[in-house]
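J.: Quick note, the sequences are listed as chains A and B, same order. For the first sequence, our numbering begins at 1 and goes up steadily by one. For the second sequence, our numbering begins at 1 and goes up steadily by one.
Please keep in mind that the hints were generated in silico from the structure rather than gathered at the bench. All values derive from a computational prediction rather than experimental measurement. A virtual CB, placed ideally from N, CA and C, is assigned to each residue, including glycine.
Pair ranges (Cβ atoms, derived):
hint, chain 1, residue 1, chain 2, residue 2, range
1, A, A46, B, K389, 24 to 32 Å
2, B, P62, A, M21, 19 to 27 Å
3, B, E80, A, E51, 41 to 49 Å
4, B, D63, A, A46, 36 to 44 Å
The lines below spell out each chain.
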Amino acid sequence: MAKVKSLTDLKKIKENFQMKMDLIAKCDAPDSMFQVKIAMATCGIASGAKEVMNYFIEECSKRGILALVTQTGCMGYCYAEPTIEVTLPGEEPIVFGDVDLKRANEIIEKYIKNGELVDGIIPVNYNTID
Amino acid sequence: MGKYKMHILICSGAGCRASASELIQNKFELVLKAKGLENEVQVVTTACFGFCEKGPIVKILPDNTFYIEVKPEDAEEIIEEHIIKGRQVSRLLYAATINKEVVSNAQNSGLHKKQIRVALRNCGFIDPENIEEYIARDGYSALGKCFEMLPQTVVDVIKESGLRGRGGGGFPTGLKWEIASKYKADQKYVVCNADEGDPGAFMDRSILEGDPHSVLEAMAICAYSIGADQGIIYVRAEYPLAIERLKVAINQARQYGLLGNDILGSGFNFDVEMRYGAGAFVCGEETALIYSMEGLRGEPTIKPPFPTESGYKGKPTNVNNVETFANIPVIINKGAKWFSSIGTEKSKGTKVFALAGNINNVGLIEVPMGTTLREVIYEIGGGIKDGKKFKAVQTGGPSGGCLTEKHLDTPIDFDNLLAAGSMMGSGGMIVMDEDDCMVSMAKFYIEFSVEESCGKCTPCRIGNKRLYEILDKITKGEGTLNDLDLLRNLSGVIKDTSLCGLGQTSPNPVLSTLDNFYDEYIAHIVDHKCPAGRFKALLQYAINPELCVGCTLCAKNCPVNCISGERKKAHVIDFEKCIKCGACMDACKFNAISIQ
Ligand SMILES: Cc1cc2nc3c(=O)[nH]c(=O)nc-3n(C[C@H](O)[C@H](O)[C@H](O)COP(=O)(O)O)c2cc1C
Ligand code: SF4
Ligand code: SF4
Numbered sequence: 001m002a003k004v005k006s007l008t009d010l011k012k013i014k015e016n017f018q019m020k021m022d023l024i025a026k027c028d029a030p031d032s033m034f035q036v037k038i039a040m041a042t043c044g045i046a047s048g049a050k051e052v053m054n055y056f057i058e059e060c061s062k063r064g065i066l067a068l069v070t071q072t073g074c075m076g077y078c079y080a081e082p083t084i085e086v087t088l089p090g091e092e093p094i095v096f097g098d099v100d101l102k103r104a105n106e107i108i109e110k111y112i113k114n115g116e117l118v119d120g121i122i123p124v125n126y127n128t129i130d
Numbered sequence: 001m002g003k004y005k006m007h008i009l010i011c012s013g014a015g016c017r018a019s020a021s022e023l024i025q026n027k028f029e030l031v032l033k034a035k036g037l038e039n040e041v042q043v044v045t046t047a048c049f050g051f052c053e054k055g056p057i058v059k060i061l062p063d064n065t066f067y068i069e070v071k072p073e074d075a076e077e078i079i080e081e082h083i084i085k086g087r088q089v090s091r092l093l094y095a096a097t098i099n100k101e102v103v104s105n106a107q108n109s110g111l112h113k114k115q116i117r118v119a120l121r122n123c124g125f126i127d128p129e130n131i132e133e134y135i136a137r138d139g140y141s142a143l144g145k146c147f148e149m150l151p152q153t154v155v156d157v158i159k160e161s162g163l164r165g166r167g168g169g170g171f172p173t174g175l176k177w178e179i180a181s182k183y184k185a186d187q188k189y190v191v192c193n194a195d196e197g198d199p200g201a202f203m204d205r206s207i208l209e210g211d212p213h214s215v216l217e218a219m220a221i222c223a224y225s226i227g228a229d230q231g232i233i234y235v236r237a238e239y240p241l242a243i244e245r246l247k248v249a250i251n252q253a254r255q256y257g258l259l260g261n262d263i264l265g266s267g268f269n270f271d272v273e274m275r276y277g278a279g280a281f282v283c284g285e286e287t288a289l290i291y292s293m294e295g296l297r298g299e300p301t302i303k304p305p306f307p308t309e310s311g312y313k314g315k316p317t318n319v320n321n322v323e324t325f326a327n328i329p330v331i332i333n334k335g336a337k338w339f340s341s342i343g344t345e346k347s348k349g350t351k352v353f354a355l356a357g358n359i360n361n362v363g364l365i366e367v368p369m370g371t372t373l374r375e376v377i378y379e380i381g382g383g384i385k386d387g388k389k390f391k392a393v394q395t396g397g398p399s400g401g402c403l404t405e406k407h408l409d410t411p412i413d414f415d416n417l418l419a420a421g422s423m424m425g426s427g428g429m430i431v432m433d434e435d436d437c438m439v440s441m442a443k444f445y446i447e448f449s450v451e452e453s454c455g456k457c458t459p460c461r462i463g464n465k466r467l468y469e470i471l472d473k474i475t476k477g478e479g480t481l482n483d484l485d486l487l488r489n490l491s492g493v494i495k496d497t498s499l500c501g502l503g504q505t506s507p508n509p510v511l512s513t514l515d516n517f518y519d520e521y522i523a524h525i526v527d528h529k530c531p532a533g534r535f536k537a538l539l540q541y542a543i544n545p546e547l548c549v550g551c552t553l554c555a556k557n558c559p560v561n562c563i564s565g566e567r568k569k570a571h572v573i574d575f576e577k578c579i580k581c582g583a584c585m586d587a588c589k590f591n592a593i594s595i596q
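Please put together the full structure from these sequences, using the hints given.
T.: The following block contains the structure:
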C-alpha cells in the first residue's frame with residue numbers, strides 16, 4: 001500500500017471506494033451483488049453473530065448468490081441481536097433482528113432470492129450525519 | 001421488489017403487541033385474501049418502531065406511509081383506499097406536523113427519529129477493520145483540514161463548539177486543550193480514557209469496536225493542537241474485541257501513513273500505543289489512570305497539578321474520553337456552529353446512552369442533549385417491559401442518582417441532571433420498574449463502591465463500608481429510624497472529605513433514594529416490608545396446607561432441615577431456621593409453597 005501523502009490522495013481513496021460501492025449498490029443487473037452487513041460488536045458476537053456471518057458466506061456461495069458479506073459495529077439494537085442489514089441492488093437497506101441460522105436461511109431464500117420480506121424487520125430509528 | 005408489489009409492515013414490538021398487533025396482522029391478511037391480493041401484497045411483522053405511545057403502528061412499503069393507532073377494523077379501509085386506490089388514509093397518519101407529505105414518509109420525517117448519530121455515525125455502518133470504509137466516510141479528512149489551520153485555531157474551533165467531556169465530569173474540551181497547549185515541554189502526551197467501568201455502560205466499547213479510526217484521528221488532531229507527538233489508549237483488558245479492532249486500526253493507519261512521521265505531508269509526527277487496565281473502576285479517574293500507566297498502583301492523587309500540567313511521566317498530558325474524541329472529527333468537518341446548534345444552552349451536541357434494565361428496547365442510543373427522559377424511555381426505548389409501571393432511572397452509575405416520574409419531562413443535560421440530584425456520568429441508564437426495590441438499588445451501588453475504593457482515604461474506604469452495613473440492616477428489616485439520619489450524616493462526610501471523584505460521589509445513590517423514595521425506607525424499617533417485594537430477608541416461605549399432599553420432597557431438599565411433617569400430612573416450615581434458599585419451592589410438585 002502506498003502511503004497517503006496528502007489530502008488529495010485521501011480524496012482519491014474516498015472516491016475510488018465510493019465508486020466501488022456505488023457500482024455494487026446501484027446496478028440492477030441480474031448478476032449484481034447483494035450486500036449483507038452483520039453487526040459484530042461484543043453484544044452481537046455473544047448472541048451468535050459470528051456463526052450467522054459464516055453461514056451467510058458459506059450458504060451464499062453454495063447457493064450461487066453473489067453477496068458481499070461484511071462485518072460492522074454495533075447498530076444499537078441490543079435487544080434484537082444478532083442484527084444484520086441486507087441491501088438488495090437498487091433498494092434501501094433493510095435491518096433484520098434476532099437472526100439465527102433458521103432466519104438467515106429464510107432471509108436468503110425469501111428476501112435475497114425473491115425480494116419477499118420476512119418477519120423481524122427492525123425499523124431504523126435514528127438519523128446519521130453524512 | 002420481487003414478486004410482491006407492496007408490503008404492509010406491522011410492529012410486533014412488546015408495546016404494540018399489547019395493543020393487539022397480532023389481531024391487526026390477521027385482519028390484514030384476511031382482507032387481502034378476500035380481495036385476491038395475497039400474492040401481490042405481503043404482510044410482515046417488524047420489531048419496535050420505538051413509538052409505542054402511538055402504537056400499533058403500520059407502515060406501507062414502498063411508499064413509506066406511516067399509520068399510527070391502527071385498529072383491526074381499519075385494515076379494510078387501508079387496503080381499500082391505500083393499497084387499491086393509492087390514497088392515503090389521512091385520519092390515521094401521524095398528524096402532529098402540518099406537512100403530511102413529509103410526515104407520512106417515516107424515512108424522512110423526524111417523526112420517530114429522536115436520535116441523531118454523531119459519535120456513533122459509523123457504528124453499524126462501516127466495517128471497522130477496513131480503513132478505506134472509514135476514509136470513504138470522510139475519515140482522516142478532518143485531520144488533513146487541521147493541518148491547514150494553526151494549532152490554536154483548532155483549539156478555538158473546539159472551544160467554540162461547546163463540546164464538554166463525555167467521561168463524566170463534563171469539563172469543556174476546548175478549554176482543556178488550550179491549557180495543555182500552553183504548557184511548554186519537550187514532550188507531551190494525548191491519552192484516551194477507555195477504561196469504562198460503570199456497571200451497565202458500554203458506549204465506549206461500542207465506539208471502539210465499531211469505529212476505532214474516529215478515535216485515532218481525533219487523538220492526532222488533539223496532539224496537533226496541543227503540540228504532542230505520542231498518544232496512548234488506556235483500555236480495559238476485559239474488552240478483547242475493542243483491543244483487537246484498535247490494533248488492526250493502528251496498523252492500518254500506520255501502513256497508510258496516517259500515523260507515524262510526516263502525516264499527509266504536513267511534517268507532523270504522531271503515533272499511538274496501547275495500555276491495558278486490569279479493570280479497577282478507580283483507574284478510570286485520570287490521575288489514577290496515569291499512575292497505572294506508569295506501572296504504579298492505580299491510586300488517585302491530589303489535583304492540582306492537573307494532568308494537563310504534569311501527567312504521564314510528569315509531562316503535560318491531555319486525557320479525554322472515547323466518546324469525547326469520537327465527536328472531534330465531525331466538529332472539524334462540519335464546523336463549531338453546526339455542532340453547537342444541537343443541544344441545550346450549556347450542553348452541546350449529542351450524548352450516547354446505554355439503555356439497560358427493565359425496558360423493551362435495550363440498546364445503544366444517541367440523542368441530542370436536551371431530549372427528555374420520557375422521549376428516551378417511551379419513544380426510543382419502547383416503554384417498560386411487560387407493561388409495568390415506570391419507577392426510576394439510574395444515571396451516572398455508582399456516582400449518580402435516580403430520576404423519577406417527576407423528572408420525566410426534564411431535558412437531559414449536564415446541569416439539569418446535577419440539579420435533579422443525579423449526574424450525566426458516562427451514559428449508563430438503568431431503567432427500573434415498580435418491582436424494583438430502591439433501597440436494594442442503593443445498596444448495590446454502595447457495595448460496588450466498597451469493592452472499588454482504592455483505600456487511600458479513610459472516609460471512602462471505611463465510610464462506604466459503614467453505609468453498606470446500615471443499608472444491609474435496613475433491607476433485612478432490622479433498621480431503625482435513627483439509621484436514616486446516620487445514612488445522611490455519613491454520606492455528607494464521605495462526600496466532603498474524600499480525595500477523588502469516586503469517594504466524593506459514592507453516597508449519591510443513597511442520598512438520591514432517600515430524597516425520592518423516603519417512603520420505601522420507612523416501609524422497610526417500620527413495617528418490616530419491602531413494598532416492591534424484593535427482599536429475601538423480609539420474605540417468608542410458607543406451605544399452604546390445602547395444597548400440600550405430604551410427599552416429603554421439600555423436607556428432603558431443605559439444606560437446613562427446617563421442614564417437618566408426617567408423610568401424607570401437611571408440612572410446615574420453621575421460619576426461625578429457614579435460610580430462604582428457595583430449594584423447597586423448586587422441589588414441590590404441587591405448588592404448595594409460596595413466598596409471602
Ligand atoms: C472513579 C472515577 C472513574 C472514572 N472513570 C472514567 C472512565 O471509565 N472513563 C472516562 O472516560 N472517564 C472516567 N472518569 C473521568 C476521568 O477522570 C476524566 O475526567 C475523563 O477521562 C476526562 O475526559 P473527558 O473530559 O473527555 O470526559 C472517572 C472519574 C472518576 C472519579
Ligand atoms: S476517595 Fe476512595 S477511591 Fe478516591 S482516593 Fe480516596 S479511597 Fe481512593
Ligand atoms: S414438597 Fe410440596 S407437597 Fe410435598 S410435602 Fe413439601 S410442600 Fe407438601
